[in-house]
Amino acid sequence: GENVEQHPSTLSVQEGDSAVIKCTYSDSASNYFPWYKQELGKGPQLIIDIRSNVGEKKDQRIAVTLNKTAKHFSLHITETQPEDSAVYFCAASKSGGGADGLTFGKGTHLIIQP
Amino acid sequence: EPEVTQTPSHQVTQMGQEVILRCVPISNHLYFYWYRQILGQKVEFLVSFYNNEISEKSEIFDDQFSVERPDGSNFTLKIRSTKLEDSAMYFCAIYRTSGGAIEQFFGPGTRLTVL
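The listed protein sequences derive, respectively, from chains A and B. Per the numbering used here, the first sequence starts with residue 732, numbered consecutively. Per the numbering used here, the second sequence starts with residue 66, numbered consecutively.
Next comes chain B alone, as it looks inside the complex (with noise of 0.2 Å):
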C-alpha cells in the first residue's frame, strides 16, 4: 500500500472557483508539504506544515492558498479563486525515516487544470 495517496488524481476547474486537495498519509507523519510542478519546470515549495500549524512558507503560499488538516488524517491544500497560472501538478510529501536516512517522501500529485 502507498505510503501517500493523493484525490483526486486530476482535477479540472473553472477559473474563480475553489478547489480543495487532499493528501492521506499511510501512518502518522510529524511534517507535511506541499510542493507544485508547473509543466515541464522545477518543483517548487509552496508551504510546511507542523503540529497543526504552518512551519514555513514559500512566496508562491499567498492569501489564496490554505491548508489544514481537519481530522488528524487527511492534509488539504484548499486554493480559494483559482487562476489559469494555478494549472500544475501538487504533489504532497512527509518527512519520514528510512533504514536510518531521513528524506522528503513524495506523494503520485494532483493535477489541476484551470480552464
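Excised from the complex, chain A in its bound form (with noise of 0.2 Å):
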C-alpha cells in the first residue's frame, strides 16, 4: 500500500519568513496530493490540494508543488504569520474521493515565532 513520509517534524520560523514543508510517496497510482492544516483539539481542515495533472498549485499565501517523476510534493507557506502555526499534514491517495481513503504523512509541528 501506499506510504507517505513528512519533513521535518518540527519547523520554526521567524514571523514574516517562508516556511516548506516536504512529501514523499511509494505508490505511483497516487494522484491526488492534499494538506490539512490541524489546529489544537479540531479535525483537519483542507488548505490546499494537487492532482498529478498539474506541477503546481497557488492561493494567496499557499503553494503546493508536485514532482511525479521524483514522488515528492511540497507546502510553501510564505509571508508567515502567528496563526499559521498549527500541525500540516500531507496526504496522497489514487483520486480524492470516492472509496479511496487518504493516507497521511505524521505531521509537521510548525511554529510562527513573533
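Treat the hints with caution; some may be incorrect.
To be verified - Derived DEER-like restraints, expressed as beta-carbon distance ranges:
#1 A:R782 - B:P173: 36 to 42 Å
#2 B:I125 - A:S749: 21 to 27 Å
#3 A:S826 - B:I125: 16 to 22 Å
#4 A:N798 - B:S138: 23 to 29 Å
#5 B:E124 - A:Q844: 23 to 29 Å
#6 B:E121 - A:L771: 36 to 42 Å
#7 A:Q791 - B:E124: 37 to 43 Å
#8 A:D748 - B:I125: 36 to 42 Å
#9 B:R87 - A:I793: 20 to 26 Å
#10 A:R782 - B:E118: 36 to 42 Å
#11 B:T178 - A:T809: 37 to 43 Å
#12 A:S743 - B:K143: 26 to 32 Å
Just so you know, the hints here were simulated from the structure itself, not pulled from any lab data. Just so we're clear, the structure is a prediction, and the values are computed from it rather than from any experiment. We put the beta carbon where it would ideally sit given N, CA and C, even for glycine.
Both chains are given apart, each in its own frame, so use the hints to dock them into the complex.
Structural data, given as C-alpha cells:
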C-alpha cells in the first residue's frame, strides 16, 4: 500500500519568513495530494490540494508543488503569520474521493516565532 | 451550522465495553469515512462507506469494528470490545464538492479514552 513520509517533524520560523514542508510517497498510482492544517483540538482542515496533472498550484500565501517523477510534493507558506502555527499533514490517494482513503504523513508542527 | 457534527465529543469507557461513535452530516452525501488519530500521531484511514456498504477498509479495521447508517442520516462506528490501544481521536469525514473542487471534509472528532 501507499506510504507517505513527511519532513521535518517540527519547523520553527520567524514571522514573515517562508516555511517549506516536504513529503514523498511510494505508490505511483497516487494522483491526488491534499494538505491539511490541524489546530489543537480540531479536525484536519483542507488548505490546498494538487492533482497529478498539475505541477504547481497557488492560493494566496500558500503553494504546493508536485514532482511525479521523483514522487515528492511540497507545501510552501510565504509571509508566515502567527495564525499559521499548527500541525500540517500531507496526504496521498488514488482519487481524492470515492472509495479511497487518504494516506497521511506523520505531520509537521509549524511554529511561527514573533 | 457545521457541515459535519460528531457525538459525543469525548467518550470514556472501560476496556472490553462496546462504544458507538456517531457522525451526522448536515446534508446528503454519498461517501463517508472514518479515520483515527492516536495522540501525537498521524491520521489513519479506517473505512469508507458508500450506498450503505463498506467500499474500502484498512488493516486496522478488523472484526471488532463495524459501521452502519441506521436511519439514513447518522453514520456510526461501533467498536465491539474496546482495548486500551483504541484510545484515540476518531474523525468522520464526508466527500463533498466545494467551488468546483472535491475534498474529504473532516468533522471535529470524538476523543475516545479506554481505561
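Results for each hint:
no.	hint	in the structure
1	A:R782 - B:P173: 36 to 42 Å	violated (27 Å)
2	B:I125 - A:S749: 21 to 27 Å	violated (36 Å)
3	A:S826 - B:I125: 16 to 22 Å	holds (20 Å)
4	A:N798 - B:S138: 23 to 29 Å	violated (42 Å)
5	B:E124 - A:Q844: 23 to 29 Å	violated (40 Å)
6	B:E121 - A:L771: 36 to 42 Å	violated (30 Å)
7	A:Q791 - B:E124: 37 to 43 Å	holds (39 Å)
8	A:D748 - B:I125: 36 to 42 Å	holds (38 Å)
9	B:R87 - A:I793: 20 to 26 Å	violated (33 Å)
10	A:R782 - B:E118: 36 to 42 Å	violated (27 Å)
11	B:T178 - A:T809: 37 to 43 Å	holds (40 Å)
12	A:S743 - B:K143: 26 to 32 Å	violated (41 Å)
Hint check: violations occur at hints 1, 2, 4, 5, 6, 9, 10 and 12; the rest are consistent with the structure.
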